[in-house]
Amino acid sequence: MDEFAGVLRAWRERVSPAEVGLPAGPGRRTAGLRREELSALAGISVDYIVRLEQGRAKNPSPQLLRALAVALRLTDQERDHLYRVAGAAPPPPGVVPRHIGPGVQRIVDRLGDVPLAVFSAAHDILLWNPLWAAVNGDPSALVGDDRNLVWRHFTAGHEGTDFDEQHDEEFASDLAADLRAAVGRYPRDDELARLVARLRSVSPEFERRWAEARVAEHRASRKTVTRTPVGPITVDCDVLSTPGGDLRIVVYTAAPGTEDAAKLALLGVTGLQTIGTPGR
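Per this note's numbering, the very first residue in the sequence shown carries number 1372; after that it's consecutive.
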């Protein structure tokens, strides 16, 4: 675990705040991420990160290693090394990709005036900009399955998002169909299989949708986000795919000149001030 502690600390210190959309701020002792920032990005407590870097935490779980690899922007080779020095088997070929390349990172950085987030094929949120957090709530406060869109939709409800009845039916069906398509592409991904099993066991609605045996990809929708600092905002939600990395870039927009567009612009100025640590 000494090697694990060393590479974890080195990789944390090499990631600049700008690379993950964080302000550098005054008084930084290092050019890399603070432990508190890595904690927010990975959904892991600061205390546990300290213990990992000091070699006092043993046998970190595959889920925790995956979260660290995503937060630290590790390459596939670096991710596999992290698993090995932690005493765990690296993910086998054929699992859901979660690596965010520089091209996707630049897209997120340059589209700061619209709410935008990046999801894996399993619908885990991997990356988001500050305006996304201002509209939907800061994902850095979420851990485990709560960072998965399908899980939250079927177990926690819409949580501040309104759909009409027909659209709600279509959206729920599309989510299950999209997840089934991912299972077909990644049959060796044990974590994806466990997610589906958990959903089927706790959500009768998901079980009903799963029984439809639809295979499809969710591409676009229109919805109203009700719980924002500036009131309800109706947006068009479009999903862009990155075929090489099998990621989904989700973008919210509002028609120019509308009240909803004005609210988004206002939230881009005032809403971000309510987020303690903007980021991904």
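The hints are simulated quantities; they were obtained by calculation from the structure and are not laboratory data. Heads up, a few of these hints could be off.
Have a look at the derived ranges for each label pair, beta carbon to beta carbon [to be verified]:
(1) E1562 with A1402: 26 to 36 Å
(2) R1569 with G1458: 24 to 34 Å
(3) R1579 with Y1419: 35 to 45 Å
(4) T1597 with P1575: 39 to 49 Å
(5) R1400 with D1609: 39 to 49 Å
(6) E1407 with E1562: 19 to 29 Å
(7) A1636 with S1432: 38 to 48 Å
(8) V1421 with A1626: 14 to 24 Å
(9) E1541 with P1603: 16 to 26 Å
(10) P1464 with Q1434: 48 to 58 Å
(11) D1609 with R1556: 15 to 25 Å
(12) D1607 with G1555: 40 to 50 Å
(13) G1458 with P1603: 10 to 20 Å
(14) G1515 with E1449: 21 to 31 Å
Glycine included, C-beta positions come from ideal geometry on N, C-alpha and C.
Going down the list of hints, with the structure as the test:
1. Remark: the range hint 26 to 36 Å for E1562 to A1402 is upheld by a beta-carbon distance near 33 Å.
2. Checked against the given bound of 24 to 34 Å, the beta carbons of R1569 and G1458, roughly 26 Å apart, stay inside it.
3. Range check, R1579 to Y1419: about 38 Å between beta-carbon atoms, so the 35 to 45 Å window is met.
4. In this structure the supplied range 39 to 49 Å is violated for T1597 paired with P1575, their Cβ-Cβ distance being about 25 Å.
5. In this structure, R1400 and D1609 meet the distance hint of 39 to 49 Å, their C-beta atoms being roughly 41 Å apart.
6. Between E1407 and E1562 the beta carbons are some 27 Å apart, a value that agrees with the proposed interval 19 to 29 Å.
7. The supplied range of 38 to 48 Å is met by A1636 and S1432, whose beta-carbon atoms lie about 42 Å from each other.
8. Checking the proposed 14 to 24 Å range against V1421 and A1626 shows it is violated: the Cβ atoms sit about 48 Å from each other.
9. One distance hint, 16 to 26 Å for the beta-carbon pair E1541 and P1603, holds here, with the actual separation near 21 Å.
10. The hinted range of 48 to 58 Å is not satisfied by P1464 and Q1434, whose Cβ atoms lie roughly 19 Å apart.
11. Between D1609 and R1556 the C-beta distance comes to about 22 Å, which sits within the given range of 15 to 25 Å.
12. For the hinted restraint 40 to 50 Å between D1607 and G1555, the CB-CB distance of approximately 28 Å leaves it violated.
13. At roughly 49 Å, the beta carbons of G1458 and P1603 sit outside the given window of 10 to 20 Å.
14. Judged by the Cβ atoms, the range 21 to 31 Å given for G1515 and E1449 holds: they are separated by roughly 23 Å.
Checked against the numbered hints above, the structure violates hints 4, 8, 10, 12 and 13; every other hint is satisfied.
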